[in-house]
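Asks: Listed below are the residues making up each chain.
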Amino acid sequence: MTIQIDWETAWAAGIDEMNRLSTTGYWNRRAEDYSDMVLASDCNHGRNILDLFEREGLLQKEWHVLDIASGPGAVTVPFAERVCRVTAVEPAERMAAALMSYAQSRGLSNIEVIPQTWQEVDVAAYAKNYDLVICCHALWQFPDILPQIRRMEAVSRGYCCLAHGFEAPSDTSKLMETLGIDEGGFDQFITILNLLNDAGVNPNVDVVDYTLTRSVSSAVASVQNLVEKYRPLDSNDSAIIQEYMQSHTMKGVYQVNGRMGVLWWKVA
Amino acid sequence: MMDSSLISGIDWVRFWEDSYDARSRIMRRDYEIDDWSDRAEDYSESRRTNQYEFGESVYAALDLHGVVSPHSRVLEVGSGPGTFVIPFARRVDHMTAVEPAEGMIRMIHRNAAEAEVKNYSIIPKIWQDVNSTEFRGQYDLTITSTVIWMFRDIMAQICRMEEVTRGYCCVVGGVSTGQTFEAELWQKIMGNIPSPQYPEYPLIYNLLYMHGRVPQVRIIDYTSKRTPENMFRMYRVFYSIYTEITPEVEETIREALYRDSGEGPCVRKYRSAVVWWDPAVRRRELKGIA
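Quick note, the sequences are listed as chains A and B, same order. Reminder that position 199 of the first sequence reads as 199 in the numbering used here, one-by-one numbering, no gaps. Reminder that position 60 of the second sequence reads as 1060 in the numbering used here, one-by-one numbering, no gaps.
Okay, chain A solo, but in the shape it has when bound (with noise of 0.2 Å):
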């Protein structure tokens, strides 16, 4: 018997009220309390992918790094600090604006924007010019992802990644359900793995564990947009968002756990 699958199909499905709910707007509004995450979490995520390629013995200091949805830089910034240039690609003005600013502080001149969506961006333009591809945390973004990736390896002349929550943190899955926020169980590590396998991308797969740590300022607005993705935020939600972070903060700083799940190619 041979598994009959259609996982485009079940992506597309899977995916698509929180590609309908978080918008260009969204990320906008969300782009103080996430970049307040990545600076506080010095990239920790980013930082991990970097360590991964490093140990493989694949990084290059001649590399060109395309970091697609790069928000302010989790990825771009680690990278930028190694390799000759990373190209970035955020939509979200006030995102693109956070990571310039935080490349400043960090004395970092070799990273430039492309401010559009990935889907609008001309990979005609860009074939075959970046070493490194990446898309971290951000696939929700493609309904259509097959074709999206495929564009993702017409740009790259050398490797393709995608970062994804492996596991929702336990502590942040408990707050929601309080909240009465269903994200739903949609499992997109499993999928796209199964989705690339099928589609003949034989990806190697690593786990990775992460510490993300932010203020407690940050870490409410994070949760307060988030309600608001979903309905309009009442005062009985902040409390319980006020009460929650104070109870789980030490030392003014909250701080969760996450594992990513890593799929990464050399692209033919």
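Hints listed in this document are in silico derivations from the structure and should not be mistaken for laboratory results. In this text, all values refer to a predicted model and were calculated from it rather than measured experimentally. Careful, some of the hints might be misleading.
Unchecked claim - With a straight-line Cα cutoff of 30 Å, these simulated DSSO-like cross-link-like pairs (lysine-lysine) come out: (1) B:1225 with B:1118; (2) B:1225 with B:1125; (3) A:61 with A:128; (4) A:266 with B:1269; (5) A:266 with B:1225; (6) B:1269 with A:128; (7) B:1269 with B:1225; (8) B:1188 with B:1225; (9) B:1269 with B:1188.
To be verified - Here are the computed distance ranges between Cβ atoms for each label pair: (10) A:238 with B:1133: 52 to 62 Å; (11) B:1246 with A:54: 52 to 62 Å; (12) A:242 with B:1155: 38 to 48 Å; (13) B:1060 with A:150: 25 to 35 Å; (14) B:1174 with A:119: 31 to 41 Å; (15) A:154 with B:1246: 43 to 53 Å; (16) A:9 with B:1065: 29 to 39 Å; (17) B:1174 with A:120: 33 to 43 Å; (18) B:1227 with A:117: 50 to 60 Å; (19) A:54 with B:1174: 26 to 36 Å.
No residue lacks a Cβ here, since even glycine has one placed at the ideal position from N, Cα and C.
Starting from the known structure of chain A, fit chain B onto it as the hints suggest.
Replies: Positioned in the frame of chain A, the structure of chain B alone reads:
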């Protein structure tokens, strides 16, 4: 539109068992240990290609991630001619090979002598007959390749592999590369009977993941080079499982091999997934499962 919740509800064990049962239904007899003795020569030649390229690639992947070290004691389930025994024993403390076929055991000894490898031992049994309790926690790595398709009770056997290790488990599974030779030869010999499936990867990843494991993967490419006579022997054993080996069947195999490689060696490119995990680590939301 497919309901996305179906993804998390997929019964991968059932898929595995259905695949096993579908194979069994078209078999005229089961594999016997003597079949593997008959396969010893060709299997050994395949694994020795390019100075044990297959085993060396697997070792390199595991070494890079700290899964094996010079202090490791390694158990290989279904060693065949010494698939991992030879390349691993050169670098680890000790290799134990679980291998029931006498022909394969002779081949392990021959290959080990040639490689001047002495730090290995053999348990001459099929894995299912090994008392895992007796070996509980005695190894740093349990590893197997091209064997798990023989286990209908796949998770039970995986759990037994986990039981005997205090470190890691590793399954090396074949990945389809879209070669057409096998399918075309099957169609010539077996007609419209659907060809048996040996799904290893990514099915094994799905099984492990859904049962709470946290597996990592490296994809390796390697070459297998065998003489036409060894390839013929391999296909003769394989097709004897599914049909009577008549002179016509033998001629069909020989013709196909000749068309593929002429009188020279048959060179095949293969791809495998090296899947390893620490049995003590579980995905958090699946605590308590399996």
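Asks: Tell me, which hint numbers fail for this structure?
Replies: The structure conflicts with no hint, since it agrees with every one listed earlier.
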